[in-house]
Amino acid sequence: MTTESSTRAALRRLWRIPAVVVWIGCGLLLSLVMALLQKLTARPMGAERQRWARWWMCGLLRVLPLRVKCHGLPATGTRLLISNHVSWLDIILIGAHTPVHFLSKAEVRDWPVIGWLAAAAGTLFIQRGQTGGTSLQTQLTNALQQGHSLVIFAEGTTTAGDQLRTFHGRLLSCAIDSATPIQPVAIAYRQQGQPDTIAPFINDDEFSAHLLKLLGSPRIDVELHFLEDLQPSAGNRNQLARKSQAAVSQALGLTPDSGAELSSELATGTAVERLKSAA
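The C-terminal residue of the sequence shown carries number 279 in the UniProt record's numbering, and the numbering is unbroken.
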């Protein structure tokens, strides 16, 4: 990095860091207000919480150096969104554009700041590792049957955005069991038409260092594609995963990776796990 570019990055951080801190503070304050209102009124506030979460995420997108272009429309009604995964920013992008619930491990609920904001936004905290995969599928199926749209990052990990890894079908059984449509989502971060190298949250990236690098970055162009729905009757879970992967691959102009089998852990958990180490 040249001296000139370092100076520009420092100047960008000079106003972006306070803006992010203030906006996170607003989020914490609003989540506290929502919790108090729910306690005082003794009624569920799921719809209000989702509206707050979308408003807050939209505001965060304005503070971060992202210029978003949305293609297509989020489907109406309950659905399972299946997306490629590049960064923790993916969660904010999708959440700002459509009312959905993200998945996270149950222990995230107890993390400082992150767990509070996640709970206030309506994150579904999944109990895992106790009664096996069947229990997880049951929890996801029940959530869809109750009208909660969900997001799954089916690659099982984040990538640099220049490739598309295998979409795993194990978690798609919940869409079949609940007769819920599947909407593929494609996300790309670009600088001057090429895959951006700053947005990806990969390998051993630490959240704090990644955020600082991001806040010093020039504007990053983001392509967000909401693609055509797939009906759960269109195949078994693996066939639906392949069809979703093909749709995302075509939207991004990437060739799917047909290499070795990857872990089918939720990628949301992968990204959030790194946030824990930074907390």
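Hints are computed from structural coordinates only; laboratory data are not their basis. Mixed in with the good hints, there may be bad ones.
[What the hints assert, rightly or not] The list that follows gives simulated cross-link-like pairs (lysine to any residue, SDA-like), each with its CA atoms no further than 25 Å apart: (1) K213 - R51; (2) K39 - Q250; (3) K69 - L40; (4) K213 - Q250; (5) K69 - E228; (6) K243 - L164; (7) K69 - Q250; (8) K69 - I17; (9) K213 - D162; (10) K69 - S233.
Violated hints, by number in ascending order, as checked against the structure: 1, 2, 3, 4, 10
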